[in-house]
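Generate the whole structure from the sequences, applying the supplied hints.
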Amino acid sequence: MLKKRKKNGINFNLALLIILIVIIATIAIANPVFISFDYMMSVVVKNILEIGLLALPVTIIIITAGIDLSVGSIMILSCIAGGLAAKAGGSFLGVVVTLAVGVICGLVNGVIIAKLRISALVTTLATMYLFRGIAKGITAGDSVYSYDFATTMGTTDIGGIPLGLFFYIGLAIVFVLLLHKTAFGVSLYGIGLNPNAAKYSGIKVDKVLISIYAISGAMCALASFFYLGRFTSVKYDVANSLNMKVVTVIIMGGTSILGGIGDMRGTIISTFILAGLNSGLTVLNIPVDMQTVIQGVVLIIALIVYAVVIERAKKNRLIDVSKEKDKEVSANSAE
Amino acid sequence: MKRKKSTESYLLLFLILLLVMLGIFASDFYSINNLMSTLNYFSYLLIGAIGMNLIIITSNIDVSAGAIVSVVSIAIAFVGKTGVPIYVFLPVGMVVGMVLSLANGLLITKLRIPAMVATLATTQLFNGILPLLVEGSIYDLPASYTALAFKAKLFGIIPASLVMAVVITIIAMLFMKYSRFSKKLYALGNNMQAARLNGINIDKVVIISYVIAGALYAVEATIIATAGQRVTTTMGNGFEMMMIAAVLLGGTSIAGGSGHIYGTVMGALILSIITPAMNYVGLSSDWSDAVIGVIIILAVVVSELSKVSRTKKSVDKAGEVKENA
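The listed protein sequences correspond, in order, to chains A and B.
Taken in order, the first sequence gives residues 1 to 335; the numbers are from my numbering.
Taken in order, the second sequence gives residues 336 to 660; the numbers are from my numbering.
Just so you know, these hints were derived from the structure itself, not from any lab.
This one's a predicted model, so the numbers in the text were calculated from it and none came from an experiment.
All C-beta atoms in this analysis are idealised placements derived from N, C-alpha and C, irrespective of residue type, glycine included.
Be a bit skeptical, because a hint or two may be false.
Stated by the list, open to error - Part of the chain B face toward chain A, derived, beta carbon under 7 angstroms:
#1 446
#2 451
#3 459
#4 462
#5 466
#6 467
#7 583
#8 625
#9 627
#10 635
To be verified - Okay, the calculated bits of chain A under chain B, using three or more residues with CB under 8 angstroms as the criterion:
#11 109-117
#12 123-133
#13 239-251
#14 293-305
Next up, the structure:
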C-alpha cells in the first residue's frame, strides 16, 4: 500500500501532519495558552484518549472491509459490569470482569460476522443495541461508580503526563508494527481487498476476523478503565456518539471504508487533529455545537479530497498504461 | 403452492405469536390508550423506515436520517409558531427534508463517497448546525400547531398519524409493485454495473431514492414534533438506528437488491410493540434495548441461513459443487 501511495506522488500522512501543525500553530497564535504543557496534557490528551484507543483496533477492522459500530457500547458494558463486580468483590474482580466482558463481546461480534457471514455493519449495529441494552438492564438505569484500579488508571499522572497517554503511545506503536510489519498485517489488507483470494492463498480468514474483533473488544475494556476513572461514575447512556467519532477519525486518516486501503499512522495523526480541533476550539471560546459543525466540515473536505485524489490516481494509472503500450507499439514497429 | 418460507412469513408467524401471547398473559396491552400510543409510535417509525427501505434496497444506507428528522422538526416548529396550519408547515418540512437528503445523494453519487461515510459526515453537520440556530428548543407553540396529535382523529379515536402511515404504506406498495422506477432500485441494488450497462442512470436513481426518503423523514418529523408544544433540537437523534433496524428486521438485505414494504411494516410493528409489551408482561423495560438487539440478530441470522440452504439445494440440483463464499 505504502509503495503505491508514493508512486502516486502523494504522501497522505505528510499532508495530515502538515494539517495538524497548521491547526496547532493557528490556535496557538490566537491563544498561546493552548500550547502550554499543562493544557496539552490535561485537556488535549484526555479529550481523545478513549477515541484514540478504540480507533487503533477499528482501523484494522475497517481495513478488512468490516466495521465495528458497537465499540462505544462494549466500552460502557465492560465499564458497568466491572464496576458492579468491583463493588461486590473488590478491585481485582472488577478488572477481570471488565476484560472478560470486553473480550467476550468482541468474540460475539467476530463469531457472528465470520462464521454466520452476517455483514459487519448489521451485526455490530445489532450488538450495539444488545450490549448497551444489557448495560441498561443490569443497572436498571442507575450509575456505576469508579473503584481503586480504574481511579488509578484514569487519574494518575507521571511527571505531569497522564498514565493513559503512555498506554496510548505504547499501543499505537504495537498496532503500527502489527499492521505494517507482520504477516498478520498483510493478511488484513488481503482480506479487505479480496476475501476469497485471501482464503485460497492460505489465510485463515475466519480466525483472523474473529481475533481482530476480539482485540477490539479487549481495547474497549482497556479504554473503559480510563473512562470510568476520569468520570468517577458511568451511566448506561453516556458516550453515545463514540462509535461515530471513532469512524470519523479513521476515515480522516485516509483508511477506505471499502477496505483494503489504510494506514495506522494516518489514524494516529488524525486522532491528534481531532484532539487539537476539539480543545483548540474550546480555547478560542467557540461553542461546542460549532465544533461539531467544524468536525463535520473537516470530514467532508477530507472525503472530497480523497475522492478527487483517488480518481486522479486512477486516471494517471490508465494514462501510464496506454503510454507504455504506445511505446511498445512504436518499439515494435521500429524493429 | 410450494413456495419456500420467506423471512417475511417467519416474521408474520412471530408477530402473530407475540400478539396472541400478549392477549393471553397481558390483556391490558390491548387497552385503547396503550394500543393507540403504540400505534402512533409504529406509524412514524414505519413512515421513516419506508424511506430507509428504498435507500437500503439500492445497497446504500442513511445514518443521517435521525439528524434530518431533528432539523425538520425544528424547521416546522419555526414555521408553526406563526400559527399557520399543518397544510403550510408540512410541505415546508418536506422541502427541507428533501433538500438535506439531496445533499446526501449528491455527495454519494457525484463524489463517489460511500453512503455510510457521506451520511455520517452530514449527520455531524446537521446535528451541529441546529443548536447554532436555536437555543435548545422552540416552545410555547400555538394550539393549531399540535392539532395533528390531539384534534385530528379518525372516528374520534384513531390517531391521524396511523391514517397517514396506512396511506403512505399503500402508495409505497403500489409504487414498488407497478412503477418502473422501483425495478431500477432493485436492479441497482443487485448489480450496479449491470444496471448501468443496461442504460439505467444510476446516479439519478440513487438521488431520487434519497429525496423520496427525505420527504418521508419530514412526514415522520411532523408527527414527532407536533406531539407537544415544545420542540427540542435533538428530537430525532438516534432514531436512524431504529429505522435501519426495522428495515433489516423486515427482511431487506443490507447488501441491497431485496426487500419488501410489507416486511418493513412487520419489522416496524415488532419493534414498536416490544417496549410496551415488556412493560405489560411485567419485565422491566430497561431490558427492551437488549431484546431488540437479540431480535435483530436472530432475524438476520435466520434469513441468512435460509438463503444459504436455498443456494445449497440449488447447487446440489445442478450437480456441481461450488464453494459458497
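Hints versus structure:
At about 5 angstroms, the closest approach between the beta carbon of residue 446/B and any beta carbon in chain A falls short of 7 angstroms, and the interface hint on this residue holds. The interface hint given for residue 451/B is met, as the beta carbon of that residue sits about 6 angstroms from the closest beta carbon of chain A, less than 7 angstroms. With a least beta-carbon distance of about 3 angstroms to chain A, the hint placing residue 459/B at the interface is held under the 7 angstroms criterion. The restraint placing residue 462/B at the interface with chain A holds, with a minimum CB-CB distance near 6 angstroms, inside the 7 angstroms limit.
A least Cβ separation of about 4 angstroms between residue 466/B and chain A falls short of the 7 angstroms threshold, and the interface hint therefore holds. Because the closest C-beta pair between residue 467/B and chain A is about 5 angstroms apart, less than 7 angstroms, the hint holds. With 7 angstroms as the threshold, the beta carbon of residue 583/B comes within range of chain A, its nearest partner Cβ sitting at about 6 angstroms, so the hint holds. The criterion of a C-beta within 7 angstroms of any C-beta in chain A is met by residue 625/B, whose closest approach is roughly 3 angstroms, and the hint holds.
With its C-beta approaching chain A no nearer than about 5 angstroms, residue 627/B sits inside the 7 angstroms limit, and its interface hint holds. Here the hint on residue 635/B is kept, as its CB sits about 5 angstroms from the closest CB of chain A, short of 7 angstroms. Here the stretch 109-117 of chain A counts 3 residues with a CB under 8 angstroms from a CB of chain B, which clears the bar of 3, and the coverage holds. Counting residues of the stretch 123-133 of chain A whose C-beta sits closer than 8 angstroms to any C-beta of chain B gives 10, which meets the bar of three, so the coverage hint holds.
Beta-carbon proximity to chain B at under 8 angstroms applies to 5 residues in the stretch 239-251 of chain A; the threshold of 3 is reached and the given coverage holds. Counting residues of the stretch 293-305 of chain A whose CB lies closer than 8 angstroms to any CB of chain B gives 9, which reaches the minimum of 3, so the coverage claim holds.
Checked against the numbered hints given earlier, this structure breaks none of them.
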